[in-house]
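Asker: Sequence:
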Amino acid sequence: MSTTSQLIQFAKSSGAFWMNRGTGIALTWDSGIYWHNLWTEHDDQGTLLYKYGPSERWEDRSTFVASPFEDWTAKGAIIHVGEFARSYLGWDPIIIPQVDSDPVAHPYVYSQFFPWVGGLELDGKVLPLTVRTMFPTHRELTAFAHVASVDSQSLLDAYMSEDGGALRNWVRRS
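The number in our numbering is simply the position in the sequence shown, starting from 1, with 96 added.
In case anyone wonders, no lab produced these hints; they're calculated from the structure. Beta carbons are placed, not taken as given, at the ideal position from N, Cα and C, and that holds for glycine. Don't take each hint at face value.
[Said to hold, decoys possible] Label-pair distances were calculated between CB atoms; the ranges are:
(1) 165 <-> 232: 26 to 34 Å
(2) 184 <-> 232: 31 to 39 Å
(3) 108 <-> 196: 30 to 38 Å
[Claimed, not checked] Taking lysine to aspartate or glutamate pairs in the DMTMM-like style, the calculated list, with each CA pair at most 25 Å apart, reads:
(4) 108 <-> 137
(5) 221 <-> 139
(6) 108 <-> 219
(7) 108 <-> 217
(8) 108 <-> 258
(9) 221 <-> 179
(10) 108 <-> 167
(11) 221 <-> 152
(12) 108 <-> 188
(13) 108 <-> 126
(14) 108 <-> 196
(15) 108 <-> 139
(16) 108 <-> 247
(17) 108 <-> 155
(18) 221 <-> 140
(19) 108 <-> 156
(20) 221 <-> 196
(21) 221 <-> 166
(22) 221 <-> 236
(23) 221 <-> 247
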């Protein structure tokens with residue numbers, strides 16, 4: 097079972113309502129006011145992209161993370177869907193840093209593609225993903241950089257563990 101499929105099962109087990117939507121699935125915990133969407137679509141060059149993004153009240157989906165690699169998109173989805181699932185299970189939240197207070201916290205360099213879209217570079221190569229964020233602070237991209245080197249299965253396992261597993265140092269105890 098793919099990491100994305102496991103994430104969907106985790107969301108369902110925490111009480112999420114789901115429905116098929118186009119080439120993907122939509123998840124909600126609040127009767128459809130806010131939706132988490134996971135889907136695929138082809139870009140202008142015909143490349144299949146895996147996408148994650150929110151929508152409200154069944155309006156058009158907006159892309160938060162997109163990549164030709166499911167693993168990269170799964171990481172973005174895990175951060176957001178996983179946090180909702182943890183909350184609805186009554187577990188403490190995992191708070192991934194959104195500000196670079198330590199310049200060596202991760203090896204990535206930020207790339208700005210548009211005022212609201214960026215990506216990461218490693219060793220001078222742009223990684224195959226885009227993340228919706230606002231520059232110059234790029235909080236969402238910073239959080240993604242902190243987990244980019246973690247494989248999606250390990251990231252999901254941490255969110256599915258009440259104590260936060262490998263991310264327990266970022267669990268905010270209530």
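Asker: Find the hints from earlier in the document that the structure breaks and name them by number, from lowest to highest.
Answerer: 6, 7, 9, 11, 14, 15
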